[in-house]
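Given chain A's structure and the hints, the job is docking chain X onto it.
Protein chains in written order, with this note's numbering: chain A, 8 to 101; chain X, 500 to 751.
Please note that a few of the clues may not be correct.
Unchecked claim - Between beta-carbon pairs, the in silico distance windows are: (1) A:Asn22 / X:Arg634: 20 to 30 Å; (2) X:Ala564 / A:Gly31: 46 to 56 Å; (3) X:Gly549 / A:Met76: 32 to 42 Å; (4) X:Tyr573 / A:Asn22: 33 to 43 Å; (5) X:Asp716 / A:Leu14: 41 to 51 Å; (6) A:Val67 / X:Thr703: 39 to 49 Å.
Hints in this document: simulated from the structure, not taken from any laboratory. Only a predicted model underlies this, so the values are computations on that prediction, with no experimental measurement involved. A virtual CB, placed ideally from N, CA and C, is assigned to each residue, including glycine.
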Amino acid sequence: MDTQWPLWEVFIQANPGIPHKHAGSVHAADKEMALTNARDVYTRRKEGTSIWVVPSNSIVASNPNDSDMLFDPANDKIYRHPTFYTMPEGAEAI
Amino acid sequence: MTKQEALFKYVLRLADNALVLGHRLSEWSSYAPILEEDLALTNIALDLLGRAQALYKYAAEVEGAGRTEDDLVYKRAERQFLNILLVEQPNGDFAMTIARQIFNSAYELFFLEELSKSKDPTLSALAIKCLKEVRYHWRHAYDWLLRLGDGTEESHERMQRGIDELWMYTGELFEIDEVEMMLIEESIAVDNSSLHERWNKMVTDAIKEATLSRLTDGYMQTGGRNGVHSESLGFILAEMQYLPRAYPDAKW
Chain A
8 MDTQWPLWEV
18 FIQANPGIPH
28 KHAGSVHAAD
38 KEMALTNARD
48 VYTRRKEGTS
58 IWVVPSNSIV
68 ASNPNDSDML
78 FDPANDKIYR
88 HPTFYTMPEG
98 AEAI
Chain X
500 MTKQEALFKY
510 VLRLADNALV
520 LGHRLSEWSS
530 YAPILEEDLA
540 LTNIALDLLG
550 RAQALYKYAA
560 EVEGAGRTED
570 DLVYKRAERQ
580 FLNILLVEQP
590 NGDFAMTIAR
600 QIFNSAYELF
610 FLEELSKSKD
620 PTLSALAIKC
630 LKEVRYHWRH
640 AYDWLLRLGD
650 GTEESHERMQ
660 RGIDELWMYT
670 GELFEIDEVE
680 MMLIEESIAV
690 DNSSLHERWN
700 KMVTDAIKEA
710 TLSRLTDGYM
720 QTGGRNGVHS
730 ESLGFILAEM
740 QYLPRAYPDA
750 KW
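Bound conformation, chain A alone (with noise of 0.2 Å):
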């Protein structure tokens, strides 16, 4: 029998205006225990300036045996890249 609490994905954001970035995971009975775990265990050390928690088992992952199927098809298609572009004078990136 699994006797742990519900697992729990912890997203810290490192400074305001960027992704939240995957972080960890907690264990938590609920969904305020999720995030003060999350602040005690992942901020720390000032990582963070928000956190998100998501039950775990509500992320829908996609399954590693599936990967020829969904990611080798864009190996040939480097047209597929903005490299065939002239940069304009003095553009560093468009």
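Same frame as chain A, but now just chain X:
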């Protein structure tokens, strides 16, 4: 008693409260129910130790006798420690620790809010910094109070026992004596007795919300603020002071 002596004793009391509670909470390290809670409790312990260090430093400065913060922590005997009895009480089970946190954090919320208005700039600056930490301490304890009180039959019963056993130590939070009176006149110290009503409401509401009950105020333990402690403090100090007393010149 001069104003300087009163201020020294006042700051020392605050420092001893923070040190002893911080030490108690640090005893949970590696024993908490889960890793996440282990970190939560030791985080709170570290907040308290940090506060204690700042206060001891200031106390030493006020005293002006050449003692350092380490001297104050490691070279005083039990009767010279001035912390309230509540903070030295054993951790008990997890619910007992939460009950102690509920009583103390609620008190500190109101206390620090008042202390932040102190005319003593060091104390008021420190109060503003600590208030942020204590808001989190309260939230942590409050969430657990609700969960345990309104949880299973066993958690409810344990939470109730924690509240009942520690209730008689809450009276000391609101005591004042000539130390405070002298400093209240100077707008330096907080009038503890004025916090009682607010504390009462906050704690009673939280306990009710957690489907628990509280005792009516009856006999209250007292003495810690003047160095008369329960048997627990001696054991804490024995552990805390052993190394610097056995090896006085030891350096990290």
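Structure-based check of all given hints:
For the hinted restraint 20 to 30 Å between Asn22 of chain A and Arg634 of chain X, the CB-CB distance of approximately 23 Å keeps it satisfied. At roughly 49 Å, the beta carbons of Ala564 of chain X and Gly31 of chain A sit within the given window of 46 to 56 Å. Between Gly549 of chain X and Met76 of chain A, the C-beta spacing of about 54 Å breaks the proposed range 32 to 42 Å. Between Tyr573 of chain X and Asn22 of chain A, the C-beta spacing of about 41 Å keeps the proposed range 33 to 43 Å intact.
Take Asp716 of chain X and Leu14 of chain A: their Cβ atoms lie about 44 Å apart, and the range 41 to 51 Å holds. Distance hint check for Val67 of chain A and Thr703 of chain X: the Cβ-Cβ separation is about 46 Å, which falls inside the suggested range of 39 to 49 Å.
In summary, the structure is inconsistent with hint 3 from the numbered list given earlier, while agreeing with all the others.
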